[in-house]
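Top line first, the protein sequences correspond to chains U and Z.
Take the first sequence: its position 89, counted from the start at 1, is 89 in the working numbering, and no numbers get skipped.
Take the second sequence: its position 65, counted from the start at 1, is 65 in the working numbering, and no numbers get skipped.
Don't read these hints as lab results, they were simulated from the structure.
Be aware that one or more of the hints could be misleading.
Unchecked claim - SDA-like, lysine to any residue: derived pairs with alpha carbons at most 20 Å apart: (1) Z/69 x U/42; (2) Z/36 x U/111; (3) Z/36 x U/87; (4) Z/36 x U/103; (5) Z/36 x U/15; (6) Z/107 x Z/11; (7) Z/36 x U/43; (8) Z/57 x Z/47; (9) Z/107 x U/40; (10) Z/36 x U/80; (11) Z/69 x Z/39; (12) Z/56 x U/103; (13) Z/59 x Z/18; (14) Z/107 x U/41; (15) Z/36 x U/41; (16) Z/70 x Z/47; (17) Z/57 x U/39; (18) Z/107 x U/3; (19) Z/36 x U/58; (20) Z/51 x U/103; (21) Z/70 x U/15; (22) Z/70 x Z/26; (23) Z/59 x Z/46; (24) Z/107 x U/42; (25) U/80 x U/15; (26) Z/36 x U/46; (27) Z/36 x U/45; (28) Z/36 x U/94; (29) Z/51 x U/88; (30) Z/36 x Z/107; (31) Z/107 x U/43; (32) Z/36 x U/88; (33) Z/57 x Z/17; (34) Z/36 x Z/47.
If you want the building blocks of each chain, they are given just below.
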Amino acid sequence: SQTIHQWPATLVQPVGSPLSLECTVEGTSNPNLYWYRQAAGRGLQLLFYSVGIGQISSEVPQNLSASRPQDRQFILSSKKLLLSDSGFYLCAWSVLGDKGANVLTFGAGSRLTVL
Amino acid sequence: GQQVMQIPQYQHVQEGEDFTTYCNSSTTLSNIQWYKQRPGGHPVFLIQLVKSGEVKKQKRLTFQFGEAKKNSSLHITATQTTDVGTYFCAVQGGTYKYIFGTGTRLKVLA
Chain U
1 SQTIHQWPAT
11 LVQPVGSPLS
21 LECTVEGTSN
31 PNLYWYRQAA
41 GRGLQLLFYS
51 VGIGQISSEV
61 PQNLSASRPQ
71 DRQFILSSKK
81 LLLSDSGFYL
91 CAWSVLGDKG
101 ANVLTFGAGS
111 RLTVL
Chain Z
1 GQQVMQIPQY
11 QHVQEGEDFT
21 TYCNSSTTLS
31 NIQWYKQRPG
41 GHPVFLIQLV
51 KSGEVKKQKR
61 LTFQFGEAKK
71 NSSLHITATQ
81 TTDVGTYFCA
91 VQGGTYKYIF
101 GTGTRLKVLA
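Using the sequences provided together with the hints, build the complete structure.
Shown next as structure tokens:
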């Protein structure tokens, strides 16, 4: 069966420090991978998605970047964190299914607090 | 860009009362999905609707896709405390990406 892992689960970082969040998927090949961010009490904002190794589509211009060095690995990074980067970061995977629809399966999330 | 609005933003109900959340899109949709996020948790897929006017049921949950495929609703009959959470609709913003609605946060009072 397919599983998705995200780490770290929680982290507290000072403003201006770097960030690296990692997501890996097991049990499937060539998944579509996604990073979403959820501010406290708010909705889900799509940050990046990837349909293959090295292919990254950015949805929101900001100080975050994403990389996909391997088929089932997706990394979210920042060189210098801002206060506004605080939030709940969710990785998700999908496989294109019937009628062109993707069903997203989310990881447990990484809760980031920037101080 | 494509916008997806959900109403209401919040809903408090007494246990046993019904609950409905509505999802509205500015454009015609190819399909729509619904997810539930428990407090402190991650979104979990509930269902997908594809056909105009489609109605699907999961126990006490009824999902409906509008005839014009621009809106959808989720209705819960006789809410229970286990129904607490935020319900999101999600629409396809391209072949591979999904745009989530603003969400409706449901609180059930015992």
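Verification of the supplied hints:
1. Among the hinted pairs, residue 69 of chain Z with residue 42 of chain U is inconsistent with the structure: their alpha-carbon atoms are about 25 Å apart, more than 20 Å.
2. For the suggested pair residue 36 of chain Z and residue 111 of chain U, the alpha carbons sit about 19 Å apart, so the restraint of at most 20 Å is met.
3. Distance check on the hinted pair: residue 36 of chain Z and residue 87 of chain U sit about 19 Å apart at the alpha-carbon level, within 20 Å; holds.
4. Taken as a hint, the residue 36 of chain Z and residue 103 of chain U pair is honoured in the structure, with Cα atoms around 13 Å apart against an allowance of 20 Å.
5. Pair hint residue 36 of chain Z plus residue 15 of chain U does not hold up; C-alpha atoms about 32 Å apart against a cutoff of 20 Å.
6. For a cut-off of 20 Å, the pair hint linking residue 107 of chain Z to residue 11 of chain Z stands: about 6 Å separates their Cα positions.
7. Between residue 36 of chain Z and residue 43 of chain U the CA atoms are separated by roughly 12 Å; this keeps the pair inside 20 Å, and the hint holds.
8. Between residue 57 of chain Z and residue 47 of chain Z the CA atoms are separated by roughly 9 Å; this keeps the pair inside 20 Å, and the hint holds.
9. A hinted pair counts as satisfied when its Cα atoms are at most 20 Å apart, and residue 107 of chain Z with residue 40 of chain U qualifies at roughly 17 Å.
10. As the CA atoms of residue 36 of chain Z and residue 80 of chain U are separated by approximately 33 Å, the hinted pair breaks the 20 Å bound.
11. The straight-line distance between the Cα atoms of residue 69 of chain Z and residue 39 of chain Z is roughly 30 Å, outside the 20 Å bound, and the hint therefore fails.
12. Straight-line distance between C-alpha atoms of residue 56 of chain Z and residue 103 of chain U comes to about 17 Å, which keeps the hinted pair within the 20 Å bound.
13. This hinted pair checks out: residue 59 of chain Z and residue 18 of chain Z have alpha carbons roughly 13 Å apart, not beyond 20 Å.
14. Distance check on the hinted pair: residue 107 of chain Z and residue 41 of chain U sit about 13 Å apart at the alpha-carbon level, within 20 Å; holds.
15. Simply put, residue 36 of chain Z and residue 41 of chain U have alpha-carbon atoms about 14 Å apart, close enough for the 20 Å limit, and the pair holds.
16. Straight-line distance between C-alpha atoms of residue 70 of chain Z and residue 47 of chain Z comes to about 17 Å, which keeps the hinted pair within the 20 Å bound.
17. Simply put, residue 57 of chain Z and residue 39 of chain U have alpha-carbon atoms about 31 Å apart, too far for the 20 Å limit, and the pair is violated.
18. For the hint pairing residue 107 of chain Z with residue 3 of chain U, the CA-to-CA distance comes to about 30 Å; that exceeds 20 Å, so the pair is violated.
19. Of the supplied pair hints, the one linking residue 36 of chain Z and residue 58 of chain U is violated, its CA atoms being roughly 25 Å apart against a limit of 20 Å.
20. This hinted pair checks out: residue 51 of chain Z and residue 103 of chain U have alpha carbons roughly 17 Å apart, not beyond 20 Å.
21. The hinted pair formed by residue 70 of chain Z and residue 15 of chain U fails the criterion: a straight-line CA distance of about 42 Å is larger than 20 Å.
22. A C-alpha spacing of about 7 Å is found between residue 70 of chain Z and residue 26 of chain Z, which places the hinted pair at or below 20 Å, so the restraint holds.
23. Between residue 59 of chain Z and residue 46 of chain Z the CA atoms are separated by roughly 12 Å; this keeps the pair inside 20 Å, and the hint holds.
24. The hinted pair formed by residue 107 of chain Z and residue 42 of chain U meets the criterion: a straight-line CA distance of about 15 Å does not exceed 20 Å.
25. With a C-alpha separation of about 7 Å, the suggested pair residue 80 of chain U and residue 15 of chain U falls inside the 20 Å cut-off, and the hint holds.
26. A C-alpha spacing of about 17 Å is found between residue 36 of chain Z and residue 46 of chain U, which places the hinted pair at or below 20 Å, so the restraint holds.
27. A threshold of 20 Å between alpha carbons decides the hint, and for residue 36 of chain Z with residue 45 of chain U the separation of about 16 Å falls inside it, so the pair holds.
28. For the suggested pair residue 36 of chain Z and residue 94 of chain U, the alpha carbons sit about 17 Å apart, so the restraint of at most 20 Å is met.
29. A hinted pair counts as satisfied when its Cα atoms are at most 20 Å apart, and residue 51 of chain Z with residue 88 of chain U does not qualify at roughly 33 Å.
30. With a C-alpha separation of about 13 Å, the suggested pair residue 36 of chain Z and residue 107 of chain Z falls inside the 20 Å cut-off, and the hint holds.
31. This hinted pair checks out: residue 107 of chain Z and residue 43 of chain U have alpha carbons roughly 17 Å apart, not beyond 20 Å.
32. As the CA atoms of residue 36 of chain Z and residue 88 of chain U are separated by approximately 16 Å, the hinted pair is consistent with the 20 Å bound.
33. As the CA atoms of residue 57 of chain Z and residue 17 of chain Z are separated by approximately 18 Å, the hinted pair is consistent with the 20 Å bound.
34. This hinted pair checks out: residue 36 of chain Z and residue 47 of chain Z have alpha carbons roughly 10 Å apart, not beyond 20 Å.
Hint compliance for this structure: hints 1, 5, 10, 11, 17, 18, 19, 21 and 29 are not met, and every other hint is.
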